[in-house]
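Student: Next come the chains, spelled out residue by residue.
There are 4 protein chains.
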Amino acid sequence: MYSFNNDYSECVHPKILDAIVSMNGEQNLGYGVDEQSENTRQIIRQKLKKEDAQIHFLPGGTITNLTFISHALRTYEAVIAASTGHINVHETGAIEATGHKVIAIKTTDGKLTPELIIPVLKEHTDEHAVKPAMVYLSNTTEVGTVYTIDEIIALSQFCKQNNLYLYLDGARLSMGLAVKEAGVNFENLAEYLDAFYIGGTKCGAMFGEALVILNDRLKQNFRFHMKQHGAMMAKGWIVALQFQVLFTDNLYEEIGKHCNEMAGLLSAFFESRGYSFFTPSNTNQIFPILPNHVIRRMREEYIASDWAVIDETHTAVRFCTSYATKREEIERFCERFEEFI
Amino acid sequence: MYSFNNDYSECVHPKILDAIVSMNGEQNLGYGVDEQSENTRQIIRQKLKKEDAQIHFLPGGTITNLTFISHALRTYEAVIAASTGHINVHETGAIEATGHKVIAIKTTDGKLTPELIIPVLKEHTDEHAVKPAMVYLSNTTEVGTVYTIDEIIALSQFCKQNNLYLYLDGARLSMGLAVKEAGVNFENLAEYLDAFYIGGTKCGAMFGEALVILNDRLKQNFRFHMKQHGAMMAKGWIVALQFQVLFTDNLYEEIGKHCNEMAGLLSAFFESRGYSFFTPSNTNQIFPILPNHVIRRMREEYIASDWAVIDETHTAVRFCTSYATKREEIERFCERFEEFI
Amino acid sequence: MYSFNNDYSECVHPKILDAIVSMNGEQNLGYGVDEQSENTRQIIRQKLKKEDAQIHFLPGGTITNLTFISHALRTYEAVIAASTGHINVHETGAIEATGHKVIAIKTTDGKLTPELIIPVLKEHTDEHAVKPAMVYLSNTTEVGTVYTIDEIIALSQFCKQNNLYLYLDGARLSMGLAVKEAGVNFENLAEYLDAFYIGGTKCGAMFGEALVILNDRLKQNFRFHMKQHGAMMAKGWIVALQFQVLFTDNLYEEIGKHCNEMAGLLSAFFESRGYSFFTPSNTNQIFPILPNHVIRRMREEYIASDWAVIDETHTAVRFCTSYATKREEIERFCERFEEFI
Amino acid sequence: MYSFNNDYSECVHPKILDAIVSMNGEQNLGYGVDEQSENTRQIIRQKLKKEDAQIHFLPGGTITNLTFISHALRTYEAVIAASTGHINVHETGAIEATGHKVIAIKTTDGKLTPELIIPVLKEHTDEHAVKPAMVYLSNTTEVGTVYTIDEIIALSQFCKQNNLYLYLDGARLSMGLAVKEAGVNFENLAEYLDAFYIGGTKCGAMFGEALVILNDRLKQNFRFHMKQHGAMMAKGWIVALQFQVLFTDNLYEEIGKHCNEMAGLLSAFFESRGYSFFTPSNTNQIFPILPNHVIRRMREEYIASDWAVIDETHTAVRFCTSYATKREEIERFCERFEEFI
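Sequence lines, in order, name chains U, R, L and C.
Start counting the first sequence at 51; every next residue gets the next number (the working numbering).
Start counting the second sequence at 51; every next residue gets the next number (the working numbering).
Start counting the third sequence at 51; every next residue gets the next number (the working numbering).
Start counting the fourth sequence at 51; every next residue gets the next number (the working numbering).
Keep in mind the hints are simulated off the structure, nothing from the lab.
In this text, all values refer to a predicted model and were calculated from it rather than measured experimentally.
Hints should not be assumed to be uniformly reliable.
Any copy, or any two copies together, can satisfy a pair, since identical chains are not distinguished.
Claimed, not checked - Computed list of lysine-lysine pairs in DSS-like fashion (alpha-carbon distance at most 30 Å, straight line):
1) K172 x K161
2) K210 x K161
3) K376 x K307
4) K376 x K65
5) K269 x K210
6) K99 x K376
7) K181 x K161
8) K269 x K376
9) K99 x K161
10) K181 x K230
11) K161 x K269
12) K97 x K156
13) K97 x K307
14) K172 x K100
15) K97 x K210
When you get a sec, could you build the whole thing from the sequences and use the hints?
Tutor: As structure tokens, then:
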């Protein structure tokens, strides 16, 4: 069985593991106040061209989202997300468990726009409803789409005008940055967002995400929140070290590029065989619509996840590639697939 | 600089790292439903002699405590802890952040007894006060002491009679089990507790703890809670694999034994030089009371943490040993210490 | 200025005030364990024909909803509501503040059906999403519509089959029960629901609601929740006494009938003048769509609330009647309205 | 049976009820934005000599405490209270349920001082512990004692120096202000506190408290919090009207004076009979230590609450007087008591 089930099926990029092996003898201070962590922060800040960016290392995506969002919001404030947003559907009510409403907006492609947000603001005007205070984006989105730099700038201006924080969940940021035509890079994320996290777990790390806080109002006392939510790791430097490797020789962007390319090969194959897609995607998650009888045969050799029932005989399936996906495996899949049809 | 600051200064036991390196090519299912995790659960269950123990792998101690305690309690229920208990003083109100009061009891040695708990029950009898529903122990305690098997049995019977869950924080369980005269082993923990966690982070793992739920009433839907609090790791098998190694050839107990022995050498040295201790300890944390001028000189070469101000010229200092502490480093310290006096 | 703004513009039904005046000399036990409260519970139980119904008196609607819902749900469980539901839009995230997601379903008339709920259940099947555990209805709904007894029975059966609690917000229950063709009475509410509250504040009381818990699993320890949320009034008997009066000589139903009749007169008037309605309603809230220039003139003499912008020149306005609305005031309004056109 | 059980056994001061009766025909705006509420705010502001004091009307003491404290604190911040403080022991963990730790300090008389608070600040210095951010006082305290103006000034200065909000729970403020030798009045409360509430429920009102916010930083968006916690009453003006009467002709102070005098008569009687007291009190709660066999006989005719077990044959009993306690009832009690001995 080979798995295209997700981008966290394999353990860790070999370069990262090498770094862990070679530092294993050392002693470090605990809780992220060590030199390794500080060095990594400095490397990331240089990449962002923001000397005063505040950077924290946390163990996973959901805990990063819930810790940061509950840090930023007052108890009566709410966060706006696409209805497909990870915080709205795949975190078991983690944000609500910290006391905050997620205001979900239906979208066609998993992406928010000022136009979609305006009606929400019009409906939330007094103390009888929650106060919208943050916009949550994912890039890439949960359906594989990508924000362009123009879309991010438009949202940034809109949020500033309307007193909304703009936060980006970068679980798959590596893949988002690798889409050249989107034109998004670390520098402009640092310019246009109030905060975002650089995904590690889905981008080659063993575990861990790097939260970047840019807005000064959001910097104070975040470490209290981290500790309170169990997000401050005793051996925090292990996350930092991983990002040090990911930020060396553009490994982070390279991983994204590789993932997208591998998924692109799969897409091209499905297209060439006449299949359509549930949502268009040029990143590492693709959603071909396949006949159920084909899926059944495929399942004997491959793991991929059901995404949506299309009709009685068709289902959209998610294929996901990772830093470890090999070209040969894609080729072998395409060969095998001919047998499944 | 050499650090006796804590037991999480070094990365990971070499045997664990070897195992990670050798499995790095493999694919696994996410979120802890993979074979590695299931195998490790089976190994732990055999050790506990409890076929129906439910076992979960979480990233750290605070998040394990807050996720499990808030899972077990209804919103108006409270947990009883020693006032020195980790959940009471060193988790930034993590339990309260989930809505529950920690009822703190002053102790002389960090250990709870039925006698100490009885007055709390007498004061909490109706709906105008919280309802005590759980007793939280740490073993070893935060001040280095250890529960004996008789003490645990007494607490277990008392808790059953009074409708209280008994939960043990095993951040340093490895060291607790290594104290032979205490007579506690995995089997009787499984017999007398409702739940406990087997500490990884402070016992040689890179990160991660193994939560063991024994009481059937507490087993249902725990994975919902894990996910909601961000405690369910995408690559959960990495924690499992570490425990697989720790539970092979008694490595877990060996690590505890080693830590305690190394701390014992330090203790013997301080005693031989006439120093007294803030609290007596036969485990890996010791608390000698040292003159401040000695501490100042020592600090130029060694890291150890201030624990309590004793008087104007003396301070209790915590020395902590780990799986990685070498006998030669202890010997070198003792030699160097003569210079600090 | 005369107000049709809502059904809580006037203080209290004179019969209730008389009762308060005549008992003002007495002493009572605090916190709802007094004889007045117990007598009232007995009267309500007889009306419900449920000897074991558990009844609590709380100060208002939002606090009743948040206290009961958070009592019934485990932390990872969610409540399903119409998107127009009071808990979803007009309680400032009160349910989320207790940690629970409100899953909102779009409806055409403010009413849920099994068919509308089924897709939600299909999307929430594992621990990566919240677990739907309760269905929340309002009767009358926030848009003036009413559930029929057949609709309630269908929902009740559906909820039982799907392990969902069925809870009804009866802020305007008096008006709901007064719609004869709906065929709903107290007895069948007690038979088909797990819990509901009998609204006082909007039905002639000074303040206060009576929560009725029917499902045994939900009865335990509710008073702890009440106290914890500040919903247990020291002088709880004052709420009880009000319900005693409301349940004497069918006053509660009479009030609902009166409110609906007065609103019906207004409806008939608007219809006769050719206006259409935003949502059809046969209860005490009606929503005629009026020209903005008429509204402006009307506002000089009458208070009524804007409900929805229809187009550039028309707005739906809510008119609301109460126990205190006099027929002469309706007649005077109709006369005056001719001047506003 | 006559009750000295508490100060909320009787419904409402007749003058307040008269006012309700005489305004019952009127219409008012909902949710506290009406003229009655605004007039009452103005009257209170004049009494406080603070034109910019922000005043809110809430239904009860516990909900006022939990709503205000959770409004003022960030999630990782804690409130300091005497261990006897109402929020620590008699609100069923209401503060913790909003996510905040109550740091309890043992006192001899229910009163906090800077000296008692200093050690707490020394122990809470970094992100591994909660951040103390507020000091909670009750006046009168739960054990009947009273803060003097000098004590309040000392606490105020200390709190300002240490970045702590100073908040006073005035459930029995009427009685506290009536102790002339304490020298505290409304004006200096407004000068030295960040916020406090003026108790209604225990001081002659039917229900309701008036929260006064003085610190500008705490004024913003409080109404969102009120609504979210179910503390914003639809007919808010009913609370306001009650305070209007309480603030007319010094009724509020008169009630406190009367309560204290009646309790003083009881105290003098017990003293004259040779009984000692559990805590000294010159306000409306007194705590004589009585033989159990006397208590048993007394219970056949009088209600008063057990407070503390002193030894096997003695118990401290709380006697509490109210606005409605008549001198003749005290005299009758003293006569009857001779029979109980």
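Student: Now look at each hint and say whether the structure bears it out.
Tutor: These are the hints, each one checked on the structure:
For the identical chains of this complex, K172 and K161 are neighbours both inside a copy (20 Å) and across copies (24 Å), given an alpha-carbon limit of 30 Å. Only within a single protomer do K210 and K161 lie at most 30 Å apart by alpha-carbon distance; the minimum there is 18 Å, versus 38 Å between protomers. Taking the shortest alpha-carbon separations for K376 and K307, only the intra-copy value of 13 Å comes in at or below 30 Å, while the best inter-copy value is 45 Å. In the homo-oligomer, the alpha carbons of K376 and K65 lie at most 30 Å apart both inside one protomer (16 Å) and across protomers (29 Å), since each shortest distance falls under that limit.
For the identical chains of this complex, K269 and K210 are neighbours both inside a copy (17 Å) and across copies (24 Å), given an alpha-carbon limit of 30 Å. In this homomeric assembly, K99 and K376 never come within 30 Å of each other (Cα to Cα): the closest approach is 34 Å inside a single copy and 43 Å across copies. With identical chains, the CA atoms of K181 and K161 are at most 30 Å apart both within one copy (21 Å) and between copies (26 Å). Taking the closest pair of Cα atoms, K269 and K376 never come within 30 Å of each other, the shortest separation being 41 Å inside a single copy and 40 Å across copies.
Only within a single protomer do K99 and K161 lie at most 30 Å apart by alpha-carbon distance; the minimum there is 27 Å, versus 52 Å between protomers. Within a single copy, K181 and K230 get their C-alpha atoms no closer than 36 Å, and across copies no closer than 40 Å, so neither meets the 30 Å cut-off. For the identical chains of this complex, K161 and K269 are intra-copy neighbours only, at 27 Å inside a copy versus 36 Å across copies, given an alpha-carbon limit of 30 Å. Proximity of K97 to K156 under the C-alpha cut-off of 30 Å is found in neither arrangement, the shortest distances being 34 Å within a copy and 45 Å between copies.
In the homo-oligomer, the alpha carbons of K97 and K307 lie at most 30 Å apart inside one protomer (18 Å), although the nearest pairing across protomers, at 46 Å, exceeds that limit. For the identical chains of this complex, K172 and K100 are neighbours neither inside a copy (35 Å) nor across copies (35 Å), given an alpha-carbon limit of 30 Å. In the homo-oligomer, the alpha carbons of K97 and K210 lie at most 30 Å apart inside one protomer (24 Å), although the nearest pairing across protomers, at 42 Å, exceeds that limit.
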